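> As a plain string of letters, each chain reads:
There are 2 protein chains.
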Amino acid sequence: MAILRLALSQLNVTVGDLEGNRRLVEAALRQARAAHADLLLVPELSLTGYPPEDLLLKPSFIERNLRMLRVLAPSAREVVAVVGFVDRDRQGRLYNAAAVLANGRHVATYRKQYLPNYGVFDEQRYFTPGSEFVLLELGAARVGLTICEDLWTAPPCELLAHAGANLVVNISASPYYAGKFMVRQRLFSRQARRNRVPIAYCNLVGGQDELVFDGASLVLDARGRRLVHGCAFREDTVFVDLPFAASRPRRPLMPVRRVRLPPPAPGPRAPLPPAPRRILGPDEEVYEALRLGLRDYVRKNGFSTVVFGLSGGIDSALTACLAVDALGAAHVRAMVMPSRFSSAGTRQDAQRLAKALKMQVVAISIEPVFQAYLNSLRPVFGRRPADVTEQNIQARIRGNLLMALSNKFGWLVLNTGNKSEMATGYTTLYGDMAGGLAVIKDVPKTLVYRLARWRNHHPPGTWPAEARRAKAGPIPERIFRRAPTAELASRQKDQDTLPPYDALDRILKASVEEDRSLQDTIARSRASASTVRRVFHMVDRAEYKRRQAPPGIKITPKAFGRDRRMPITNRYVER
Amino acid sequence: MAILRLALSQLNVTVGDLEGNRRLVEAALRQARAAHADLLLVPELSLTGYPPEDLLLKPSFIERNLRMLRVLAPSAREVVAVVGFVDRDRQGRLYNAAAVLANGRHVATYRKQYLPNYGVFDEQRYFTPGSEFVLLELGAARVGLTICEDLWTAPPCELLAHAGANLVVNISASPYYAGKFMVRQRLFSRQARRNRVPIAYCNLVGGQDELVFDGASLVLDARGRRLVHGCAFREDTVFVDLPFAASRPRRPLMPVRRVRLPPPAPGPRAPLPPAPRRILGPDEEVYEALRLGLRDYVRKNGFSTVVFGLSGGIDSALTACLAVDALGAAHVRAMVMPSRFSSAGTRQDAQRLAKALKMQVVAISIEPVFQAYLNSLRPVFGRRPADVTEQNIQARIRGNLLMALSNKFGWLVLNTGNKSEMATGYTTLYGDMAGGLAVIKDVPKTLVYRLARWRNHHPPGTWPAEARRAKAGPIPERIFRRAPTAELASRQKDQDTLPPYDALDRILKASVEEDRSLQDTIARSRASASTVRRVFHMVDRAEYKRRQAPPGIKITPKAFGRDRRMPITNRYVER
Numbered sequence: 001m002a003i004l005r006l007a008l009s010q011l012n013v014t015v016g017d018l019e020g021n022r023r024l025v026e027a028a029l030r031q032a033r034a035a036h037a038d039l040l041l042v043p044e045l046s047l048t049g050y051p052p053e054d055l056l057l058k059p060s061f062i063e064r065n066l067r068m069l070r071v072l073a074p075s076a077r078e079v080v081a082v083v084g085f086v087d088r089d090r091q092g093r094l095y096n097a098a099a100v101l102a103n104g105r106h107v108a109t110y111r112k113q114y115l116p117n118y119g120v121f122d123e124q125r126y127f128t129p130g131s132e133f134v135l136l137e138l139g140a141a142r143v144g145l146t147i148c149e150d151l152w153t154a155p156p157c158e159l160l161a162h163a164g165a166n167l168v169v170n171i172s173a174s175p176y177y178a179g180k181f182m183v184r185q186r187l188f189s190r191q192a193r194r195n196r197v198p199i200a201y202c203n204l205v206g207g208q209d210e211l212v213f214d215g216a217s218l219v220l221d222a223r224g225r226r227l228v229h230g231c232a233f234r235e236d237t238v239f240v241d242l243p244f245a246a247s248r249p250r251r252p253l254m255p256v257r258r259v260r261l262p263p264p265a266p267g268p269r270a271p272l273p274p275a276p277r278r279i280l281g282p283d284e285e286v287y288e289a290l291r292l293g294l295r296d297y298v299r300k301n302g303f304s305t306v307v308f309g310l311s312g313g314i315d316s317a318l319t320a321c322l323a324v325d326a327l328g329a330a331h332v333r334a335m336v337m338p339s340r341f342s343s344a345g346t347r348q349d350a351q352r353l354a355k356a357l358k359m360q361v362v363a364i365s366i367e368p369v370f371q372a373y374l375n376s377l378r379p380v381f382g383r384r385p386a387d388v389t390e391q392n393i394q395a396r397i398r399g400n401l402l403m404a405l406s407n408k409f410g411w412l413v414l415n416t417g418n419k420s421e422m423a424t425g426y427t428t429l430y431g432d433m434a435g436g437l438a439v440i441k442d443v444p445k446t447l448v449y450r451l452a453r454w455r456n457h458h459p460p461g462t463w464p465a466e467a468r469r470a471k472a473g474p475i476p477e478r479i480f481r482r483a484p485t486a487e488l489a490s491r492q493k494d495q496d497t498l499p500p501y502d503a504l505d506r507i508l509k510a511s512v513e514e515d516r517s518l519q520d521t522i523a524r525s526r527a528s529a530s531t532v533r534r535v536f537h538m539v540d541r542a543e544y545k546r547r548q549a550p551p552g553i554k555i556t557p558k559a560f561g562r563d564r565r566m567p568i569t570n571r572y573v574e575r
Numbered sequence: 001m002a003i004l005r006l007a008l009s010q011l012n013v014t015v016g017d018l019e020g021n022r023r024l025v026e027a028a029l030r031q032a033r034a035a036h037a038d039l040l041l042v043p044e045l046s047l048t049g050y051p052p053e054d055l056l057l058k059p060s061f062i063e064r065n066l067r068m069l070r071v072l073a074p075s076a077r078e079v080v081a082v083v084g085f086v087d088r089d090r091q092g093r094l095y096n097a098a099a100v101l102a103n104g105r106h107v108a109t110y111r112k113q114y115l116p117n118y119g120v121f122d123e124q125r126y127f128t129p130g131s132e133f134v135l136l137e138l139g140a141a142r143v144g145l146t147i148c149e150d151l152w153t154a155p156p157c158e159l160l161a162h163a164g165a166n167l168v169v170n171i172s173a174s175p176y177y178a179g180k181f182m183v184r185q186r187l188f189s190r191q192a193r194r195n196r197v198p199i200a201y202c203n204l205v206g207g208q209d210e211l212v213f214d215g216a217s218l219v220l221d222a223r224g225r226r227l228v229h230g231c232a233f234r235e236d237t238v239f240v241d242l243p244f245a246a247s248r249p250r251r252p253l254m255p256v257r258r259v260r261l262p263p264p265a266p267g268p269r270a271p272l273p274p275a276p277r278r279i280l281g282p283d284e285e286v287y288e289a290l291r292l293g294l295r296d297y298v299r300k301n302g303f304s305t306v307v308f309g310l311s312g313g314i315d316s317a318l319t320a321c322l323a324v325d326a327l328g329a330a331h332v333r334a335m336v337m338p339s340r341f342s343s344a345g346t347r348q349d350a351q352r353l354a355k356a357l358k359m360q361v362v363a364i365s366i367e368p369v370f371q372a373y374l375n376s377l378r379p380v381f382g383r384r385p386a387d388v389t390e391q392n393i394q395a396r397i398r399g400n401l402l403m404a405l406s407n408k409f410g411w412l413v414l415n416t417g418n419k420s421e422m423a424t425g426y427t428t429l430y431g432d433m434a435g436g437l438a439v440i441k442d443v444p445k446t447l448v449y450r451l452a453r454w455r456n457h458h459p460p461g462t463w464p465a466e467a468r469r470a471k472a473g474p475i476p477e478r479i480f481r482r483a484p485t486a487e488l489a490s491r492q493k494d495q496d497t498l499p500p501y502d503a504l505d506r507i508l509k510a511s512v513e514e515d516r517s518l519q520d521t522i523a524r525s526r527a528s529a530s531t532v533r534r535v536f537h538m539v540d541r542a543e544y545k546r547r548q549a550p551p552g553i554k555i556t557p558k559a560f561g562r563d564r565r566m567p568i569t570n571r572y573v574e575r
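Which chain is which? The protein sequence lines are P and Y, in order. Numbering follows our numbering, with no gaps: position 561 of the first sequence is 561. Numbering follows our numbering, with no gaps: position 130 of the second sequence is 130.
For the record, the hints were derived by calculation from the structure and aren't laboratory data. One thing to keep in mind: the hints can contain errors.
Across the chosen pairs, the derived CB separations fall in these ranges [what the hints assert, rightly or not]:
#, chain 1, residue 1, chain 2, residue 2, range
1, P, M254, Y, P255, 21 to 31 Å
2, Y, T153, P, L187, 31 to 41 Å
3, Y, L374, P, F341, 18 to 28 Å
4, Y, F341, P, F341, 39 to 49 Å
5, P, P129, Y, R30, 39 to 49 Å
With a straight-line cut-off of 27 Å between C-alpha atoms, the simulated BS3-like cross-links for lysine-lysine are [stated by the list, open to error]:
#, chain 1, residue 1, chain 2, residue 2
6, Y, K558, P, K58
7, Y, K358, Y, K408
8, Y, K408, P, K493
9, P, K180, Y, K545
10, P, K408, Y, K493
11, Y, K509, Y, K545
12, P, K558, Y, K545
13, P, K545, P, K558
14, Y, K509, P, K558
Model, not experiment: these values are computed from the prediction. From the three backbone atoms N, C-alpha and C, an ideal C-beta is built for every residue, glycine too.
Pulled out of the complex, with its shape left as it was, chain P reads as follows (with noise of 0.2 Å):
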C-alpha cells in the first residue's frame, strides 16, 4: 500500500499583490518538500487574492498572474503542487484555475466548472466556466481536481468517482460566516461518503474588505470522517498520509484528462509529528473572525494604528477589546467625546474599560463645537424646536473629530455601530456611521452583548502580549446591565425608538438574513404585526444610509453590502 503525503498550505494572501503571494506559495513549496510530501495545495486564485474583482478586467493584471505563475514553476521539484490562478484562452476568455506544478514545470490546468453568482459572489462577470475534469496520477493515487463551489455541487466529485478518482481535492476560497465550519464538513462528508472516495480541501485564510476567510481546511476519509484540519483563522500547513492500493479502472461519464506524474516516494518517510489543533465554541469562532478581519484590513491598507470613539456603551467596548486583541494596545487610541447628555456612569465606564486594555485615551468635549453650531443655525431654525437635527449634529462632531485626528496621525478609524441599528437606520449618517472599517457591521445586538460577555469571561491566550497581561474581564458589568442609550438627548433610551432587541434581532435575522415575508416573519419573531411591520418599513428606509456605511465584516450567511443589493429608490411595500 502506497503512501501519498498530502501538505494543505492555508495561505493569506493579498488581493493585488502578485509578487508577495508568489512568493508565500514558493515557501509553502520548501515547507512541503522539506516534509517528504508528494502534493501540495494552495488554495483557490492564490496568485492573485480573492476576489480581485475588476482588477480581472485588467489584460496587465491577467498578464502579470501569468508570469507569476512561470516564474513559481520551477519550484514545484520533489513535489507536485496544485495552485490557484486565473487561466486565460486564446479567444481571451478568462477561467478560474488550477495549475498543476511538476518537475519544475506547469504540466495541466484544471478550469472550475460551477462559477458563484449569488451572494457576495460574482464570478459570471469575468470567468467563463470549464468543461473537462483532470485526474492526475500519482502512482496508486488517481486525484481528481475541483475548485470550490465545485464541491458544493453532487456531480463533480460524482464523476471523477466515478472515472476512478480515489482522492478528491479542492481548492477554495470560501469566506467566512458563523457555523460554516460545521456545514462545509457535513456536505464534504455527505459527499465522501456517497462516493467512497477521501477528501481534501485547502482553504483561503485571511481578511479582504468584507469578507473574511476562515482557513480551517479539512482531510476526510472515504467514510466521510475528519482526518485532520487546519486551524481557523490562521495561517498553517496541514500534513496528512494517505494510503493507496492500485483501483480498478472505472469507465468514465464523461472524458477526463489523465495526467501522469511522479509517483510517491517508495521508501518510508519520517512520520509526521502530532498536531493537535481545536475546533472553536460559536462565541469564540465570532470573535476570532472579526479579529482576524481587523487585523488584515488595517495591516494590509498600510495602517498601523486604529482610533474610534469610546462611549461607555457595550459597542464600542466590544470594538475595543477586538481592537487591541488585533493589534495591541500600543496601536490603538480610544477617543471620549462626552457631551451635555453623556451620564457620569458612561464616562466611567469608558475610563475603566480604556485603563484595564492599557489604550491611550484622547478626550475633546463636544459641548463648545455643539453650541457653535447651534448658534449658526438658530437664524435659520428659528424658534423650531430640538428633535434629531440636534441629536445628528452632536453625533456627527464626533465623526468629524475622528477624522480630524485619522487626517492629522495617520490613524484608521474604527466604527463601531452593529448590525441592528445599521439595519433599521438608528444611525447617523456622517456621524456614528463614520469610519474607515466598520467592526461590528454585520453583528447583531444580542451577538454583541454575547461576544462582549465571552472576551471577559476568556483572557487572551495566544493573542498579543498587550492584551495577554491585560487581566480577566475588561469590560465593565455595568455596561452589560444598562440600558442601550445613544444619549444625544435628555434621559434617551435606544428602546423609546426600536422594540427590544431581542425582538428586533429575531426579526432582522427572518426578514433581512432569511428573506422571509413580512407574514412569515410576524409567525417566526413572535412580535406584533404592527411592530413588524414598522421593522420592515425602518430596514427599506435605511437602505440610503447603508450605501455609504464602511465595510464591514461578514459574520452572518446574509451581511448588508455586495450580499444583500437592494435598490434605494424602491416603492415595494410587504403587507
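Following the hints, put chain Y in place on chain P, whose structure we already have.
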C-alpha cells in the same frame, strides 16, 4: 398588403411599485386601443421596474408581480400587448420574460435568453436563461420576440428571421450613457439589414438610483433605415404602420413556438398624425439625462425640495441649473457657506447665479464653528502645522450644515462633486462628499464646463415655468474663467494638487473608463509617465472614499459604483 399598426409605449415605471406600474401599462393599453393599434410594446420588466435587484429574492415580490399580470390581462382587448414581467417555473427558477396578452388572456410567454452579467448588470444572479423562441402570427405578420440583450448579439435576430419572422420586436431597459442612441441605432440597423427584417425597439424611460433610461425607442425598416423614434428622456408612445405581405414560410434552424393571434383590423384606419421628434445634440443629451435622473431620484424617493452648497464654482453652478430645470426654483435651496478663505469674487458670483435662477439662498458662515473645532483640537494637535486636516474640517462643517437643514426641513441634499475629483479622491469624505444624490458624480470636469456653457447658451424651452422665465445665461462668465479652487486654504488652486483638468480627464478616460494599462494610458493621454503614474496611484488610493460616496447618475460607459467593482484592499500597482 395588410397593415400592422404598432404602438411602442416607453413608460416611466418605478421599481417595486407593482400596482402603479400595472396602472401605467393599463393606460398604455387604453391609448393603443384608442389609436386602433394591433400590437403594443411596453418595456422590459415593466411590472417590477428595472433593475429590481434583490427584491427578486423575495418570493412575495414575485407572487405580487404575477398577480399584477393576471389583473392586467383582461385589459388587453382589441390589441395584443407584449409586457415585461418576472416569470417563475415549477422549480422556482426565475425568468426575465415577456407576456403576450391577447383577447383578455395571457396566451404566451417568451423568456430572455441572453442575460447580461457585466458592467452594471447582474442578471445571472437572479434569472435562468430561456431556451425557446416565440413567433407571433398576426395575419401576414410574423413577429419574433426578443428582450434587450437578445438583440445585442447576432443569433436571435438571425434565427427568428430564418424561422419566418418579418418583424423582430425588442422590449428593453437599456441604461443610458452618452452617445448610446447612436450605438443602438447602428447596431439594430445592422441586424435589420443583415436579416432583411424590420426591428421595433421599445425602451424604458426614467431614473432609477444611479441609472437613467433614455427611452428613444426606435423602429427601423428591413433596410435598417429609421422610420420613427421616441423622445429621449420623456414618456412617449410611438405609433407606426408597417405593411406585410404574406411571407413564404422558411424552415427554422431550431424549434420556435408559434402563437396564432387575431389578424390586424382589415379596414382602413384613421392615419397617424405626424409626430416629429428631435434628436438631441451631445451636450443637450447629457444635460437631459442628468435632469431626468435628478428629478426621478427626488420624486420617486418622496422628496419635493433639495438643498445644496453653492460655492461660486462651476460644479455647484451646473448642479444649480440642473436642479432648477428639473424641479423648479421653488423647490431648490442654495446654501452659501463662506469661510476665511472665500474670496469676494466667488461670493458675488454665487449670489448672482442664485438671483438669476431665482433660488432662495440660506447663508451661514462656517467661521465660528471652524474656530470652535480648532480650539477643541488644539490640546491634541499642539503646534503641528496646519495641513489637509484643517481643510477637511471646513468641508465637513459645510457637509454637516447641509445635513442639519436636510434633517430639520426634510430637504434632500444634492452633492455637487464631479467625476475627476471623485476619481482622484480630491474631495473630503463626509464633507463635500455628503449628500443623498451626487448629481454630476459621473461628469468629468472638462464636461462640466461644456454642459454649463451649453446651458448658458440655451435658454430652456420645454422646461418648467420657473426656468422658462429665467433669462439665458444664468452662470456668470467669471465662474468659467476663474481657475478651479476648493478655497480651503490660502491661495489654493486645484492645479496645485492635480494635473490640468484636460490632461487629467484624458488619463481618467483611458484608465478608468477603458481599463487601459499604464503604458497604453501614457501613450493616449499625451501626459508624462510620472503624471499618469501619479493619477493611477490616486485613483487606487481613493477607492475607500468612493465606497462611501452617494449614488450618482451614470452618463459614461463606466461610472463609479456597480459598474466598477474594485477592491479597497488592493496591492496591485501597474508598471
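> Please flag the earlier hints that this structure goes against, numbers listed from lowest up.
Numbers 4, 9, 14, in rising order.
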